[in-house]
Amino acid sequence: MNPLSTGLLNGAGIVVEFQQTEKDLGLKVQPEDKALSETVLPAKPPFKIPKAEIRTSLRALTTEGALATVFYSIIGGALLSNFLLDLGASAVEIGMFASIAQLTNLLQPLGAYLGDRINSRNWYSLLIFGTSRLLWLLIVPGIWLVSTSRIQPHQLVLLTLAIIWVANILEALGRASFFTWVAVLVPERLRGRYFGFRNSVVNLTNLISVPLLGVAVSKWPGGALSGFGVVLVVGIVLGIISLGFHFLMTDVNPKLVHAAAEDTEQGASGERVFSFLKDANFLRFLLYSGLWSFAVNVSAPFFNLFLLGDLKLDVSVVTLYGSLGAGANLLMLMFWGRLADRIGNRPLMIMVGILVALTPLLWLEAGTAPIFLWVWFPLLHILGGATWAAIDLCSGNLMMSVTPLRNQSIYFAVAAAVPGITGAIGISIGGYVATVTNLGGLPMVFALSAVLRLFALLPLVFVHEQRSMPLGQLMRVLFPVTQPTKLIAAKE
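Counted from 1, the sequence shown has number 6 at position 6 by our numbering; the numbering is strictly sequential.
What the hints contain is simulated information worked out from the structure, not anything from laboratory work.
No false leads were mixed into what you were given.
Below 27 Å or equal to it, Euclidean Cα-Cα: the simulated DSS-like pairs (lysine-lysine) are:
hint, residue 1, residue 2
1, 312, 219
2, 255, 51
3, 255, 48
Derived DEER-like restraints, expressed as beta-carbon distance ranges:
hint, residue 1, residue 2, range
4, 51, 439, 51 to 61 Å
5, 148, 52, 52 to 62 Å
6, 310, 279, 40 to 50 Å
We put the beta carbon where it would ideally sit given N, CA and C, even for glycine.
I would like the entire structure built from these sequences, with the hints used as guidance.
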């Protein structure tokens, strides 16, 4: 997954961090299924970098994100889901693939530990992400072997499963180090504007590339399997090129960073590691993020499965839906950002979160009639993209607000690991319910996810955010009640 994606899954049900969601950081991603499994940047870098180097680094980081998102959209969205369905993968296997990215988040604390003990953030990232992306080349000969009947399709499914496992393990080991590097490069005063711009570039790239890739797969002369192999190679090439832009970013030696911060670090190392257990506000946020990740991922991987498997829609149509969601996400980012600055992140997450929670219920009314194909499903994806833009943007900002400056890497690792394991459990439960006809199949999955999402919002009500408008005051602003005017008779 893209190291800077904010969420694992997206509003359209596309696995973004595969998503996050991402989709997870996110990993955007991407819309209707984004779980809150995101990476958060430390608030204050310990030393300054010259402005010229910062400008060059930020331009390179933006270009890197645009190129990398093409690769991650291929291995983490509707294209991969369609590829697995063509190979005969079941709903349980699809859910298993999606849960891997969540489970491997448990390795992020180990990745943070390893990343802090090397001398170069750049070379560590190149080793980790370069290896994980090149692993996907093994799929190409596998497609040829299936096409020539030398192996069974299910054997390629198992090979894909193994690649996803290894690639996500590597990505989990590299993500914390990469985000810590970015935290040093991006000045705190510029983070809101910069990441808003970078996310817009990434979403615009998705908006353009995903439909084109979907058409290429569905219309490829050699069939959909061969078409996926071709676009996968293109994505890998772009993913490797994106790593080349790391050389234009100012490298950071984490040992020097820690040496600069040693004067402010006090107390035993054991106390520092487990300090988050004494932070009640952070624990409330952690409870919310864990429950939210579980609730969202109950249905997250199965929206695409519903469209491609149950309704038998063409992959080019499904990728078009995803692009509509990405476009809505792009258009709403600036609006949500300005509103969050006015009322705070937590109130906005609660308000929009209710709408996100109820969205799966809208999928219960579906079919293959033209009204559904060209009106209803596009509207659902637009709604998902617009609402998830708020969740993705505000969740990262809220996380930075509730996390203390000291020991932030520990907090970050825990904040990624807990939603990772709960998200994996949610996917497993959703996959089981989807395959049991007596339980209602996918419609029951969508309904169950909606109820759980509403429940998951409750801990968020008790999370404290500085400079956030109280909910009571927000309700009075949004729904002003005219007070009755009392007429007092004048005394003569």
